[in-house]
Structure formats: structure tokens, C-alpha cells
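*Asks:* Sequence:
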Amino acid sequence: MMKLASKWTVLTLMMMLITTAGATAQGYTPVADAENQETVYINQMDIRDGQIYLSADPIEWYEGAAADKAFVEHEGNTGLDGAPDGYYIVNNSVQNDVYQVAPDASVEVQIYDHTGNIEDTDVQWNESIPLAQFEKDFAKKDVLDLSQFPYHVTLRDGKVVKIVQQFIP
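Residue numbering for the sequence shown follows the numbering used here, beginning at 664 and increasing consecutively.
Hints are not guaranteed to be accurate.
[Unchecked claim] Taking lysine to any residue and the SDA-like style, the derived pairs with C-alpha atoms no more than 25 Å apart in a straight line are: (1) K822 - Q773; (2) K825 - G742; (3) K822 - D783; (4) K803 - A765; (5) K732 - D720; (6) K822 - T702; (7) K732 - Y716.
[Stated by the list, open to error] Pair ranges (Cβ atoms, derived): (8) G821 - Q689: 35 to 41 Å; (9) T692 - T778: 39 to 45 Å; (10) H777 - G742: 37 to 43 Å; (11) Q796 - A695: 23 to 29 Å.
Hints are computed from structural coordinates only; laboratory data are not their basis.
Note that the Cβ used here is the ideal one computed from N, Cα and C, for glycine as well.
Please model the complete structure; the sequences and the hints are all you need to start from.
*Replies:* Following this line, the structure appears as C-alpha cells:
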């Protein structure tokens, strides 16, 4: 019974966090398109022969007017004339591309678990964290599941050189 109560507490705190995060979207600016950049869901990260690899599912990320247009095209007759939250994701495949991550790849997150307590999780725009920390925290699912966010990854010579977490309004 205590486990169930604590799960409800965590769920309630997550909903509060999401509500707060939406309210703190002030200062949000879309991730700028860059050459050799893809938007993906990262499904898995692992280390092989001392190198970090990520498995990713490419997606299409839309914001603003482009999101409204994509929403209407894909959702048809919903009675809505645009994307309800100002963004829209198209994921028409279950593709799983594997990329090697450059050892010096930069990582920027928007919302991140610093302490292991959900109440300490807050939005900090483009916060840099070490790649090794991101890989370690990606495996954690108890407070903030980093696999639930889209990411913009920049590739150079076939390797990921930059990972930017997409803020979800």
C-alpha cells in the first residue's frame, strides 16, 4: 500500500512539475536549425569498447504555425484548427538508427534532475552537462525519464557532436 501511495505522490509531483514548466516557458526560444542536425527520440545509450553509442528514432518536430499545419494534415477532423500545445511531433516509423557519440560531444538540457528529488527539478535553458553524466542519468527512470524528451542531435563525420534536449511546453 505504501508503494502505491508513493507512486501517486511521484505522479502528482510530475504533474505539478509539468504545469510549472509550462508556466515557466518564458524565455523559451526554439532550437535553431543547424547543418547536419536531426531530431530524434533517444531510445537507448550504451558503452561499447569505451565509446558511447545511442540508438535513436528520427522524428519530425514542428512548432508554431508549422505545428498547426502539420497537426491539421495528420489529425484530420478533430474539431481543432491547430496543435493544442503549440508543438506537434510526427513519428511515422519505428526506425532505430545507431550513432557513435564523439567523446567531446556537448550536451544541453532544459529540464534536468540535479538532486534525485522531483521538487528540485526545474527549467534551466540550455544547461550544459557532461556527456558522461548524461549517459549515466539517461539510464535512470525513477525521477525524470530523459528518454521521454525529443533531442536535436548534430552529426559530424557520422558521429554525434552535440545533443540538445527539446523543451516540451
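*Asks:* Hint by hint, which ones does the structure fall short of?
*Replies:* Checked against the structure, the hints that fail are numbers 2, 3, 7, 9, while the rest are satisfied.
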